[in-house]
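Listed below, chain by chain, are the residues.
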Amino acid sequence: MAVTAETHTQEMKPPVTHVGVIGWMKANLFNGVFNSILSIATLYLLWKVVPPFIKWAFIDSVWHTTGKACRHVTGACWSVVWENIRFILFGFYPFDSQWRPLLAMLLLFGLLFYSQNRKHWKKRLVYVWIAGLFVMGLLMKGGLFGLSAVESTKWSGLPLTLLLSVFGLTAAYPLGVILALGRRSKLPFIKWLCVAYIEMIRGVPLISLLFMSAIIFPLFLPEGVTINKILRAQIAIILFTAAYIAEVVRGGLQAMSRGQYEAAESMGLNYYQTMRLIILPQALKIVIPPTVSILISAFKDTSLVVIIALWDLLKTTQSVLANPEWMGFSPEAYIFVALLYFGGCFSMSSYSRKLERELSAGEQR
Amino acid sequence: MQKKQPEKIPFWLDPKKRAILFQIVVLGIVGLIGYYLVSNTIFNLRSQSIATGFGFLHKESSFEIGESLIPYSAASSYGRALLVGALNTLEVSFIGIIITLILGTFIGIARLSTNWLVSRLSGIFIEFMQDIPVLLQLFFWYAIFYDSLPSPRQALSPIEGLILSNRGIAFAIPEAHPAHKYMLLFFFVACILTYFIRKWARRRQEQTGKYFPTFRVGLGLIIGFPLIVWLLLGTPTKMDVPKLVGFNFKGGLTLSPEFVALLLGLVLYTSAFVAEVVRAGIQSVSRGQREAAMAIGLRPSLVLNLVILPQALRVIIPPLTSQMLNLTKNSSLAVAIGFPDFVSVANTTINQTGQSIEGIALIMALYLIFSLSTSAFMNWYNKRAALVER
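Each protein sequence line maps, in turn, to chains C and Z. With this note's numbering, letter number 221 in the first sequence gets 221, and the count goes up by one each step, no holes. Take the position in the second sequence, starting the count at 1, then add 365; the result is the number in this note's numbering.
Extracted from the complex, chain C is given alone in its bound form (with noise of 0.2 Å):
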């Protein structure tokens, strides 16, 4: 008969230094000399750089206060943002109609919101985003169901800088894809002329076309026919970002294989039948990673039309800086700017590294 062991070895508890905050320490900050110094150092930078930081920015700061008394204050002076919030965000709107162009903008959120989940994508989602893009139109531009018309030289601020980003990625992604597909024709002269506009158009800096759509465009057109200045840069915007675009959804053309067309066309398929049934949604499923970093940049890259005098985020916010009133408080605004744009940037990164994570998951069973 087995004989149980009837002595139990106490049970022991790992040691003190190899588990709980003093472990994960040895393990992740104090694990060699190298690497004790640096950390050493590194606290002790932090020490220097982040309690004067919070002191500035919290402890001695003021938030509503006329710029006047903020003269006298050693921390920020967050009042230079709360005094002209709303006309940091929405610049010359009409004041009392401001609250069309904030549920425009609240509207969007929700349509990005609902869009981020992949069980909404299907084909009514487009719809939706359709309908969506009309009423934030008519919210902005009033003039029907007893809304007051609103010019479009009046739209600025926080408004023009979204809208700006989302019609010229909206735009700017069909042209893009048929730029890609131009590019990978067997046509000669289709793809010289797509090579040649991509590579010139990646090959200048956004502002330069920006100067174009401010100053030659007007050249181009018909005596007496006058394109509104914000269509124009929103033009500028949409042929910049196609071209790059362009080369992000060539790379999800490349990466098809072979077999992809030849079983098409082995099933009679026609060129048209071929890209929109079997390569297109392959391939552009494969690059919504990268279009989403485009869309970042399109995002980041609006901020430039400041230097043609379109009034978006960043110029509303200098304008208020130039005011004497509140001179020489542009860190605060600037911050202030820089985190609403981190805000958005953020979002978008972190949504598309959990929506790589979750496409390549389906991938590797």
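Keep in mind that the hints are not guaranteed to be accurate.
[To be verified] Cut-off 20 Å, straight-line C-alpha distance, at most; resulting in silico cross-link-like pairs (EDC-like, lysine to aspartate or glutamate):
1. C:Lys-186 x C:Glu-223
2. Z:Lys-381 x C:Glu-265
3. Z:Lys-381 x C:Glu-262
4. Z:Lys-694 x C:Glu-247
5. C:Lys-186 x Z:Asp-379
6. C:Lys-68 x Z:Asp-512
7. C:Lys-354 x Z:Glu-641
8. C:Lys-191 x C:Glu-247
9. Z:Lys-694 x C:Glu-199
10. C:Lys-186 x C:Asp-96
11. C:Lys-354 x Z:Glu-492
[As the list claims (entries may be wrong)] Over the 12 Å line for every Cβ pair with chain Z, so calculated as not near, a few chain C residues:
12. Leu-133
13. Leu-284
14. Arg-357
These are calculated hints, taken from the structure and not from any lab test. Where is the CB? At the ideal position from N, CA and C, for every residue including glycine.
Given chain C's structure and the hints, the job is docking chain Z onto it.
Quick look at chain Z alone, frame taken from chain C:
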């Protein structure tokens, strides 16, 4: 029996003929649009009596430029003004690229550090710098100089010989001495010598398998040669320290706030992207490569030099060059903070002469030259470095 002649295919069903037809149609449309735009433009230029052609390049510019690498005055021609701008663009891009490469590599490696604190901090740096528009960063740094730093009279001097004020950064440089010329000469001699040593060492290693520590010897030469010259020629240590004279600093080297803000913004923004490129490149070398190299008994430095780096660089170089090109293109934002780069000078020229088409054509041409030469280099490199598979 006679073979039946195949039915003649109508031309709209023949793919070859259809392709030609399609191209002719597209060519026609593009041509028509081009003709329409050009004829409108010519008409508008005539009706607004704007001159055309590049004749303005020889006319007197009559505007001053704040910073110039070559002699320039308001009496110089527009052509010379544009040359000054182009040189300024090259200067800021060149210095920016060097600092960005060093800083970006450093942060990219720090991101992979086993030290939690260092890796997290560089992660935060990368995320913040990538997500804030570079133009906003330029404005921010410029505002720091303009609003937050005191006037030259109350200038800050955190360490001896370095002065911070709203007129820029002034710092001490070694006073001119004949020894410097020779040191520079010997520095170049050492560089050339190192290049040949590297070639020789590589050939010897391929033939005999003997390893020669090229990196250490080369570094020794490059530092040692100028140092010996410096010691032999009487160790000149006198420094040229900036001093306040009137409203400005005399002596030393003064960098304008525009230049520093532009450089700082471009470097911090681009180095975040470079760091990501470097990190991805190093991570792309599979773990097995390192383990295999260690298993055959290579020292850690050799593992890095002979196994990891050659493979990582193949992944790193192409996106790296495109980041360098981005930095050069972004330097055009100088126009927003008033640094006289090419775009800024061209913009002034356009405003004065009204010849916008020529001005913008020049801007585009300059940047196209940059990017086409970069992509030519990339094609050459890719051909050289491409992985030759069995």
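Do the hints match the structure? See the list:
Between Lys-186 (chain C) and Glu-223 (chain C), the direct Cα distance comes to roughly 40 Å. Violation of the 20 Å bound is thereby established for this hinted pair. Using a Cα cut-off of 20 Å, the hinted pair Lys-381 (chain Z) and Glu-265 (chain C) holds, with the two alpha carbons roughly 16 Å apart. About 19 Å separates the Cα atoms of Lys-381 (chain Z) and Glu-262 (chain C), which keeps this hinted pair within 20 Å; it holds. A C-alpha spacing of about 18 Å is found between Lys-694 (chain Z) and Glu-247 (chain C), which places the hinted pair at or below 20 Å, so the restraint holds.
For the proposed pair Lys-186 (chain C) and Asp-379 (chain Z), the alpha carbon gap of about 15 Å is at most 20 Å, so the pair holds. Distance check on the hinted pair: Lys-68 (chain C) and Asp-512 (chain Z) sit about 16 Å apart at the alpha-carbon level, within 20 Å; holds. Between Lys-354 (chain C) and Glu-641 (chain Z), the direct Cα distance comes to roughly 18 Å. Compliance with the 20 Å bound is thereby established for this hinted pair. With a CA separation close to 13 Å, the supplied pair Lys-191 (chain C) and Glu-247 (chain C) stays within the 20 Å bound.
Our distance criterion of 20 Å between C-alpha atoms is met by Lys-694 (chain Z) and Glu-199 (chain C), whose separation comes to about 14 Å. Between Lys-186 (chain C) and Asp-96 (chain C) the alpha-carbon distance is near 57 Å, which puts this suggested pair outside the 20 Å criterion. Straight-line distance between C-alpha atoms of Lys-354 (chain C) and Glu-492 (chain Z) comes to about 16 Å, which keeps the hinted pair within the 20 Å bound. Every C-beta of chain Z lies more than 12 Å from that of Leu-133 (chain C), the closest at about 24 Å, which supports listing it as non-interface.
Remark: the non-interface label on Leu-284 (chain C) is consistent with the geometry, its nearest Cβ contact in chain Z lying 22 Å away (cut-off 12 Å). At roughly 16 Å, the least C-beta separation between Arg-357 (chain C) and chain Z is larger than 12 Å, which holds for a residue marked as non-interface.
Consistency with the previously given hints fails for numbers 1 and 10, ordered from lowest to highest.
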